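**Q** Each chain, written out:
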Amino acid sequence: MAANESYPDDLKYHKEHDWARIEGDEAVLGITWFAQDALGELVHYEPPNEGDTISRDAAYGEVESVKAVSDVVAPLSGEVLEVNAKVVDEPETVNEDPYGDGWLIRIRHGDPSEADALLDVAAYKQVVAES
Amino acid sequence: MKLIFEKSQPGRRGGDLPNYDLPPAKVPDALRRETAPRLPELAEPEIVRHFTELSTRNFGIDTGFYPLGSCTMKYNPRVNERLAMLPGFRDLHPYQEEDAIQGALELMWRLQEALIEVSGLHACSLQPAAGSQGELTGLMLMRAYFADRGEGETRDTIITADTAHGTNPASVTMAGYKLAKVETDARGNVDVAHLREMVDEHTAGLMLTNPSTLGLFDEHIEEIAGIFHQAGALLYYDGANLNAVCGISRPGDMGFDIVHINLHKTFSQPHGGGGPGGGPIVVRDKLEPFLPVPAVVKDGDRFTLDYDRPKSIGKVRGFTGPFGVFVRSYAYIRSYGPRLREMSEVAVLNANYLLARMREAYDLPYDRLAMHEFVLSARSLKREHGVSALDVAKRLMDYGFHPPTIYFPLVVPEALMIEPTETEAKETLDEFADAMLAIAREAEEDPELLYEAPHGRPVKRLDEVLAAKRAIVKYGFEDHPDLGATTQQPRQLEAQKGG
Amino acid sequence: MLAAIGVSSVEELFRDIPEGVRFGRELDIGPALSEQELSRHLEELAARNVDSSKELSFLGAGIYDHYVPAVVDTVLQRGELLTAYTPYQPEMSQGVLQAIFEYQTVICELTGMDVSNASGYDGTTVAADACYVAKHATGRTKVVVTQATNPQVRQVVKTYAPGFGLEVVEVPHSGGATDPGELREAATDAACVIFQQPNFFGVLEPAPDLAAAANEAGAIVVAHVDPISLGVLEAPGAYGCGIAIGEGQSAGNYQSFAGPHYGFLAAKHDFIRRMPGRIVGETLDAAGERGYVLTLQTREQHIRREKATSNITTNQTLLALGGLVHLSWLGPQGLREVGETCMSLAHYAKSRLAEAGFEPVFPEQTTFKEFAIRAGRNAQDAIRTTRERGVHPGYALGRDYEGLDDALLVAVTERRTPADIDRLVEALSAR
Chain A
1150 MAANESYPDD LKYHKEHDWA RIEGDEAVLG ITWFAQDALG ELVHYEPPNE GDTISRDAAY
1210 GEVESVKAVS DVVAPLSGEV LEVNAKVVDE PETVNEDPYG DGWLIRIRHG DPSEADALLD
1270 VAAYKQVVAE S
Chain B
35 MKLIFEKSQP GRRGGDLPNY DLPPAKVPDA LRRETAPRLP ELAEPEIVRH FTELSTRNFG
95 IDTGFYPLGS CTMKYNPRVN ERLAMLPGFR DLHPYQEEDA IQGALELMWR LQEALIEVSG
155 LHACSLQPAA GSQGELTGLM LMRAYFADRG EGETRDTIIT ADTAHGTNPA SVTMAGYKLA
215 KVETDARGNV DVAHLREMVD EHTAGLMLTN PSTLGLFDEH IEEIAGIFHQ AGALLYYDGA
275 NLNAVCGISR PGDMGFDIVH INLHKTFSQP HGGGGPGGGP IVVRDKLEPF LPVPAVVKDG
335 DRFTLDYDRP KSIGKVRGFT GPFGVFVRSY AYIRSYGPRL REMSEVAVLN ANYLLARMRE
395 AYDLPYDRLA MHEFVLSARS LKREHGVSAL DVAKRLMDYG FHPPTIYFPL VVPEALMIEP
455 TETEAKETLD EFADAMLAIA REAEEDPELL YEAPHGRPVK RLDEVLAAKR AIVKYGFEDH
515 PDLGATTQQP RQLEAQKGG
Chain C
521 MLAAIGVSSV EELFRDIPEG VRFGRELDIG PALSEQELSR HLEELAARNV DSSKELSFLG
581 AGIYDHYVPA VVDTVLQRGE LLTAYTPYQP EMSQGVLQAI FEYQTVICEL TGMDVSNASG
641 YDGTTVAADA CYVAKHATGR TKVVVTQATN PQVRQVVKTY APGFGLEVVE VPHSGGATDP
701 GELREAATDA ACVIFQQPNF FGVLEPAPDL AAAANEAGAI VVAHVDPISL GVLEAPGAYG
761 CGIAIGEGQS AGNYQSFAGP HYGFLAAKHD FIRRMPGRIV GETLDAAGER GYVLTLQTRE
821 QHIRREKATS NITTNQTLLA LGGLVHLSWL GPQGLREVGE TCMSLAHYAK SRLAEAGFEP
881 VFPEQTTFKE FAIRAGRNAQ DAIRTTRERG VHPGYALGRD YEGLDDALLV AVTERRTPAD
941 IDRLVEALSA R
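So the sequence lines, in the order shown, correspond to chains A, B and C. In this text, residue positions in the first sequence follow this note's numbering: the first is 1150, and each later residue adds one. In this text, residue positions in the second sequence follow this note's numbering: the first is 35, and each later residue adds one. In this text, residue positions in the third sequence follow this note's numbering: the first is 521, and each later residue adds one.
Don't read these hints as lab results, they were simulated from the structure. Be a bit skeptical, because a hint or two may be false.
Residues of chain A placed beyond 12 Å of chain C at every Cβ, according to the derived structure [what the hints assert, rightly or not]:
#, residue
1, Ala1152
2, Glu1172
3, Gly1173
4, His1193
5, Glu1213
6, Ala1217
7, Ser1226
8, Glu1231
9, Thr1242
10, Tyr1248
11, Arg1255
12, Asp1269
13, Ala1272
14, Glu1279
In silico BS3-like cross-links for lysine-lysine, where the CA-CA straight-line distance does not exceed 25 Å [to be verified]:
#, chain 1, residue 1, chain 2, residue 2
15, B, Lys320, B, Lys332
16, B, Lys345, C, Lys678
17, C, Lys678, B, Lys320
Fair warning: this is a prediction, and the values are worked out from it, not measured in the lab. From the three backbone atoms N, C-alpha and C, an ideal C-beta is built for every residue, glycine too.
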């Protein structure tokens, strides 16, 4: 069952419909409610490897529904510490809980100032409204 | 319905083989098959019943109206089937000596000539197996042409329309080119201003369908051709929509340099559930030297295969192409002659009539005359009643029609792309329009009927999500998974959320 | 109808077409022919071809005169299958979808693989497909093909390679087969290695050793195989191959001047998301009943567009269906018998020809349904004089291989009889 529409206040957002939860020098990344709704039920998640370096604004993985495939874009640069195995096994977790159980990767982020370029929830809601 | 493997009985077989009582030849132990493949074991009557039952669970043009946009589902004349099975065609080996294949070569040459005439260009290769392969071949020709002129390194980009079939960008990648996309304007034409910004010395060419996948003829085609030719680039015509303009406007005259034609669309090769097709390419004379080898040429009274083509790109497939397809398409073309023009006129008339009957009930993204197909949108139905293009398509099945193409082109949300073809009589068009109007009413009055459609087919709506997740792609014999046991509740397919 | 549209003539429907691109005359194609006239014209063209009902033929070299049972025609002429499109709307197309699922199963059984697609264009393009898969799976840019592989397969791979950014390296044959040591050397840093079994000369390659050599080099092993041989020859999946490809024509299709036929491509499970072409999967409907759909479509061009595993859309479904029907009619026992019959007839032919002074080109090698002989003179001349006696003795290998201008590739299928072979010997011997 897909979650109800929501955009938590405590997250930072990227205009390509990805979110970041910053926790000290680490961050947890995922896709927003809007992204999972646009794709439909996810059937596959192609993650990066632990240890990989990812770059802000570049794709670090892919998610697929039956009818569409989408790059997952990194809001921040860093090193991949952990891939969410639950989403690999049960990709629909992202639809059910995009900000909680449906997180995609945890990184050690390289440059804290990158967060300044991200959108806060109000700005991101504006992006959604215009989509 | 059971799978053929589930009907197998050990020891049964369809028929016997002759036995010549010769000493058996021995396969070396290291190479010999250890375990027999688990092929079906049925007697011939059971085999016939199985495939007959399968066919009753399928819908073809022979069954009813099949308005799949961009697929040109026209009637396949039965005489063509008989002709393709003449022993002189059916039992001919491709490596037979040239004196022994003159009838086949003449047929191919005449088909080439007809396609050259319809395209308004100069030389033809029948080799490509389908439209996609024609596209890739055309792009390979471009590469060879520019390499020959010393421009191979600089010209690295192909421009496609944002309304293009997915095959266009996929072919671009396979040909080793970079992809750029030009936008479509509010009238459904290529945005010429955007195009001017994009075309430069890195441009190898344009890939375009005209009329487009929106079913609209590009009003600026001459200007577009000019932009590319002035930049020293080439134009490629995706012939998927040729049924609209045969004998009325020729791609060569529009300014295109390379054309592929879909024999399984415009020229009636039966689709066979997914193929075979034919994707011959026709080119401007400056590109002829690069065509695949061998070429079929006429030399006085004789026809011959010419392998002496030093600038040829090589071979894109075995031998000279899908000959059985050529027989059917050639026969189709000869049965029309110059009346191919009428074929297109009726195709366009039928499309516009259907559009006129349906436009009040659905959204019309581009308010222009259509060519052979048109695109409507179920966007309002979605917004007001939660009914998607998918739901409309599934409900149409209950009315006895094959649905149109849905969710394509990507620029139109909740798209319904409808192509009736010239085959259909007015009564059929009226029945279809009536059904579409009825469905629009049902969307308002009784949407449950649509969400749960189809009701009258051999199966109810199928769960594509489950299929993708489980990826059961062959019968597992004793180990075959029981989907019914392992899944709690089959999910309804989610409608795609727009472009 | 015009009134409903709001125009006054059919001509007006085309008003968006600019004057400058209007075609101003009639198409110069002969006048429309009635069905009768059309039949007469095509029959006349067909009559000028010398097909295998008119001349006893031992031509093979990739396309073979196997027996197609009548049921194949029956099934392929069913209008609901013949005139259906690609099954995008599964509830309308359970016939085609289930048939493809059964075909996929049969191909996997024959080849020992986990996943098959619904068909490729022919036995040559599937080799290019396999190279594309291997490139993306390994990141390497070299592909290796044995010289003993069908020359057209090699030529097609070389035509596709530049666009794919691949280098093609060939391993020469030695005495009609491929040396695993030489293959191992060539296969360093290769994305894949392609070999044919039986090879173009009809020779049985040391396939398990070739596969081992390629695996050692970290290259994906691609075996190009003959479906009709897989009742007697081991499945590629059983001896270390990652991908199995081939020309399907021998199973279920007439020769038809080389088309349309079907290529097959099957692979181990690792490659499932990289597979080109249509794949049918099993599922349930809303009432919990079993059904079939096109699946894993995100690989394909209509969704993944420029990043698709292939641009293929229309493939060769109906011809693959012919293969399914033929193989179902044969069953495992019949398939084995066809293989054994071809092999024993070919062996008989080889012996009789050797007795008559036509030595095998590769005497040390075991062959399947085809073998190469020395004609004792230029092969083209031998073909000419033998045909004067109503027999075509086989393919002139000098077209494709150095030093074989006197060699003929003789194919013997289960449609030939010992008496036919005696006739061949006689006709070839006469001058």
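**Q** A separate judgement is required for each hint: does it hold in the structure or not?
**A** Results of checking the hints against the structure:
Every beta carbon of chain C lies more than 12 Å from that of Ala1152(A), the smallest distance being close to 23 Å; the non-interface claim holds. The claim that Glu1172(A) is not at the interface with chain C holds, since no C-beta of that chain comes within 12 Å of its own (minimum 32 Å). For Gly1173(A), the shortest C-beta to C-beta distance to chain C comes to about 35 Å, beyond the 12 Å cut-off, and the non-interface label holds. The Cβ of His1193(A) does not lie farther than 12 Å from every Cβ of chain C; its closest approach is about 7 Å, which violates its non-interface assignment.
Residue-level check failed: Glu1213(A) sits 5 Å from the nearest beta carbon of chain C, not beyond 12 Å. For Ala1217(A), the non-interface assignment is contradicted: its Cβ lies about 6 Å from the closest Cβ of chain C, within the 12 Å cut-off. No beta-carbon of chain C is positioned within 12 Å of the beta-carbon of Ser1226(A); the least distance is around 23 Å. No beta-carbon of chain C is positioned within 12 Å of the beta-carbon of Glu1231(A); the least distance is around 23 Å.
With a least beta-carbon separation of about 19 Å from chain C, Thr1242(A) lies farther than 12 Å from that chain, consistent with its non-interface assignment. Taking the minimum C-beta to C-beta distance to chain C, about 24 Å, the non-interface status of Tyr1248(A) holds against the 12 Å cut. Against chain C, the non-interface label of Arg1255(A) holds: every CB pair exceeds 12 Å, the least being about 25 Å. For Asp1269(A), the non-interface assignment is confirmed: its Cβ lies about 33 Å from the closest Cβ of chain C, beyond the 12 Å cut-off.
Its beta-carbon lying about 30 Å from the closest one in chain C, Ala1272(A) satisfies the requirement of being farther than 12 Å from that chain. A cut-off of 12 Å between C-beta atoms confirms that Glu1279(A) is not in contact with chain C; the least separation is 24 Å. For the hint linking Lys320(B) to Lys332(B), the alpha-carbon distance of about 20 Å falls within 25 Å, and the restraint holds. Between the alpha carbons of Lys345(B) and Lys678(C) the distance comes to roughly 14 Å, so the proposed pair stays at or under 25 Å and holds.
Annotation: proposed proximity of Lys678(C) to Lys320(B) holds, straight-line Cα distance about 23 Å (limit 25 Å).
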